[in-house]
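2 protein chains.
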Amino acid sequence: MNYDSNILKLKRLGIDTQREYFVYMRSDCHICISEGFEALTRVEVTVKGKTIIATLNVLHSELLQHGEASLSESAWRASGAKEGDTIAFAHLQPVHSMSYVRSKMYGNKLNDESCQSIISDIAEGKYSNIELAAFVTACAGKNLDAIEIAGLTKAMVAVGKKMDWGKDIVVDKHCVGGLPGNRTTPIVVSIIAAAGLTIPKTSSRAITSPAGTADTMETMTPVNLSLAEIKKVVKQEGGCIVWGGAVELSPADDVLIKIEKALNIDSEGQMIASVLSKKVAAGSSHVIIDIPVGKTAKVRSESDAKHLEFYFHRVAQEIGLNIKVLITDGSQPVGRGIGPSLEALDVLAVFRQINNRPLDLEERAILIAGELLEMADEVTSGNGHAMAKRLLQSGIAWKKFQAICEAQGGFREPVLGNLQHEVLARNSGQVFEIDNRRLAKVAKLSGAPSRPGAGVLMHCKIGQRMIAGEPMFTLYAETSGELNYAKDYLEKEFNEIIKLS
Amino acid sequence: MNYDSNILKLKRLGIDTQREYFVYMRSDCHICISEGFEALTRVEVTVKGKTIIATLNVLHSELLQHGEASLSESAWRASGAKEGDTIAFAHLQPVHSMSYVRSKMYGNKLNDESCQSIISDIAEGKYSNIELAAFVTACAGKNLDAIEIAGLTKAMVAVGKKMDWGKDIVVDKHCVGGLPGNRTTPIVVSIIAAAGLTIPKTSSRAITSPAGTADTMETMTPVNLSLAEIKKVVKQEGGCIVWGGAVELSPADDVLIKIEKALNIDSEGQMIASVLSKKVAAGSSHVIIDIPVGKTAKVRSESDAKHLEFYFHRVAQEIGLNIKVLITDGSQPVGRGIGPSLEALDVLAVFRQINNRPLDLEERAILIAGELLEMADEVTSGNGHAMAKRLLQSGIAWKKFQAICEAQGGFREPVLGNLQHEVLARNSGQVFEIDNRRLAKVAKLSGAPSRPGAGVLMHCKIGQRMIAGEPMFTLYAETSGELNYAKDYLEKEFNEIIKLS
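If you're matching them up, the sequences are chains W and F in order.
For the first sequence, the working numbering begins at 917 and goes up steadily by one.
For the second sequence, the working numbering begins at 917 and goes up steadily by one.
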């Protein structure tokens, strides 16, 4: 193909389209006409020798002069473009791996080769949002078997960066989520690192929840660390608690999670592949998987949890990872806070061992840390729990946490939203059911996780007696629009959120 | 919610994003900040009392002044906006019907209520492209049963317009496609209308093929008719051949087809719902469904065809439509042309009964027309074929076709692309296999269907003896970029396209 006639000059328009790259051309541009490009055509564009794939939006106005083109902000950055650079255009070769996605839609299985091909094309940005949504959907629900999930896991590891700690035992933990406030990670990591083990913990931001561990940690310390910075922190302190997305341990997974978030789904196979690929990439050998079970948790029944446990074990076996699954109680939120800063305050109360600290959160963290100590042969079987408890209650873990935060860039106290609204019991009675999903929704409508100070502070637990007029929980928000939105929802769903007998 | 503080002034930027509506705001806009809007947030925007849902792109530049916002061209038109109009913003209430789509992803069934809810939200433009892709994928392959397809069909009819001819018998035909050049519709409609029956044929444009009937007809006469115009044509001539998408008989289906096109899939359930909903909406009572079967047709085996036939019958029964399914030979292209104008020339050769007209196309059209005449009780069983043949070969059908074109806005001769490239046999031998899919791809790379004069003109059929150096087919194109792209593909796949023994 002759590129000479396919060259325009770049002008920056500053349009932010997030991840998907867009290119802007005049509708009467000679390249559009001669190449047959129309709006939404996917085209290959080359700037200074670097080629990316972008979706075309055409302009019926004078934002661009003849001979000019523009790129969306993400594409501008990805291509390293500068104002006035030349940009060349070519037809997009059909993305071959989409034929595997179509085949999967039609009920055929993915194999290692098709997984590698799809995941590497996704990591290279070759898929449009429409194509990503099709792949995510084709893999949703129980559509993937263990071999397919293992294939995806290996493919995700292959396209990402990998850490090596030069040690036989590197431990880690992961919670499948769905339980508001279950923020054990900062405590577990600090106990484990205090015990002298290596635990390079990379956490995610919220997908569909009001807070991920990375969102919570960010209210106390920087979490967007580079690979080199993570290595330095872990070598110095034995552990870290950082955002995994910043280091591209599994770049394809990060792209897929954004699409899952837009669809408000959390697919089982993709979740297992996402979790285990990041553990392998982080160089872990021994991993605890926490699966909370409850009517309104992500995993709703013991049998679903057993099903998930089976798949985690099968895939871990395929990829050579040592795991232990803990099935835990998921009937109500853990601790008191729901939302980044509120959850961080719970974590700090446990570290500081203050009197009214959330003991359910403390006990869960000790349980997981104890199991990890035993898996790593740090203590003999049955003695992990006591050791973890000692490290926490003595303040050693708290010192370690502060040291980790210092190493990550400095510790700071979390800040709460300055708008508050107390929600009172309308009747008296005993709390017999709490809806995790609706509470999470209230916290999200209040602004969490993008507003770190927003969320819900619980004042009751299952079994507690409430008197009419007593506060059941408090809403925190940073903007009045969001606070009102949460209040509107609350008005409609009031009786479903916390049920009194 | 208080809208007063949520108002900006509209400035037209002229950005064409096709169907999905986009709204452009400054990243430092007070509404973005106070409402928590980020790039890709879906928001409700109201212009002069009319509310639409749009996806946000934020601007990091001075394209917009403080207090200004813009809409993409499709949203600008849909909202009836004018330069300087005020635009109000609100949070999008979650699209409730997406919960049914998620449930379907997780293996649950759709029912009539969920189908109505999904299809009406899609018709109202509430789904983003990502959400549409998820719905299309969740319904792809064999994921829908007959009850679900009937539910979708009824829902598609319910949201669209419906025609009523005041007659007991209104006939129609449909080919499931996948066979290049199978352009029987103009001939069948003309025969049937010439016989005095009513046949209000709405056709589609190409989804994944090089030409749909609407694309082909458009090279000879206008096809974008309004409902009122269609009624006038059919009342006057007994039949029409128009584009169905222009009249919104099934607006949701038109949206879904664009996503299927972007994914290059053609899903069975959606296809049945799409076809039958348009027949019901067009007021038809008796319909022939043509299913060509061949190794490289859309339907690849007799058993797949029987499966599809069963589903068509089950769904037709559910919605009270009288249908007959014809399973036909799909081993090679029909006629000589592949591409809008080239296929139109085949149709005209049959109408004009010129000596070297494509007899396979003629015979297929007579077969279908004959069956329709019998279904409509126009002739006794066994005599339809002879009557159809007589109407065609006497020139009566050709007169009727010209009259229909006149009524639709005037007849014109199709125009071929002025770039041509002959593809010669490299060896001598007998043609024993022709790959429909690869040929269709060559025609598409040449520019069909968006370039009506582009495509492939065949010079051989299965069983024909070729001598090395003889032309096997000719490429037609309107732009050199496209011609080169087709030639590049041809070079790679030459031996797979037409196989000689």
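Think of the hints as simulated: they come from the structure by calculation, not from any bench.
Since the model is a prediction, treat every value here as computed from it, not as a measurement.
Be a bit skeptical, because a hint or two may be false.
Identical chains share a label here; the pair holds if one copy fits it or two copies do between them.
Derived lysine-lysine pairs resembling BS3-like cross-links, with alpha carbons at most 27 Å apart [to be verified]:
no., residue 1, residue 2
1, K1403, K1042
2, K1147, K1403
3, K1042, K1305
4, K998, K1357
5, K1222, K1147
6, K1042, K1174
7, K1078, K1147
8, K1211, K1148
**Study point:** Within, between, both or neither, where K1042 and K1174 count as close if Cα-Cα is 27 Å or less
**Key:** Both. Shortest intra-copy (15 Å) and inter-copy (20 Å) distances satisfy the 27 Å Cα cut-off.
**Study point:** Within, between, both or neither: K1147, K1403 at alpha-carbon 27 Å
**Key:** neither (44 Å within a copy, 52 Å between copies)
Check your understanding: Is it within, between, both or neither when you check K1078 against K1147 at 27 Å Cα-Cα?
Key -> So K1078 and K1147 pass the 27 Å test inside one copy only (11 Å; across, 66 Å).
**Study point:** Intra/inter-copy verdict for K1222 and K1147 if alpha-carbon distance must be at most 27 Å
**Key:** Neither. Shortest intra-copy (35 Å) and inter-copy (61 Å) distances fail the 27 Å Cα cut-off.
Review point. Using 27 Å as the alpha-carbon threshold, which applies to K1211 and K1148: within, between, both, or neither?
Key: neither (42 Å within a copy, 60 Å between copies)
Review point. From the Cα coordinates, with 27 Å as the cut-off, is the pair K1403 and K1042 best called within, between, both, or neither?
Key: between (42 Å within a copy, 24 Å between copies)
Check your understanding: Is it within, between, both or neither when you check K998 against K1357 at 27 Å Cα-Cα?
Key -> For K998 and K1357, the Cα distance exceeds 27 Å both inside one copy (42 Å) and across copies (37 Å).
Practice item. Since the copies are identical, ignore which copy is meant and state whether K1042 and K1305 lie within 27 Å (CA to CA) inside a copy, between copies, both or neither. Key: neither (49 Å within a copy, 52 Å between copies)
In summary, the structure is inconsistent with hints 2, 3, 4, 5 and 8 from the numbered list given earlier, while agreeing with the others.
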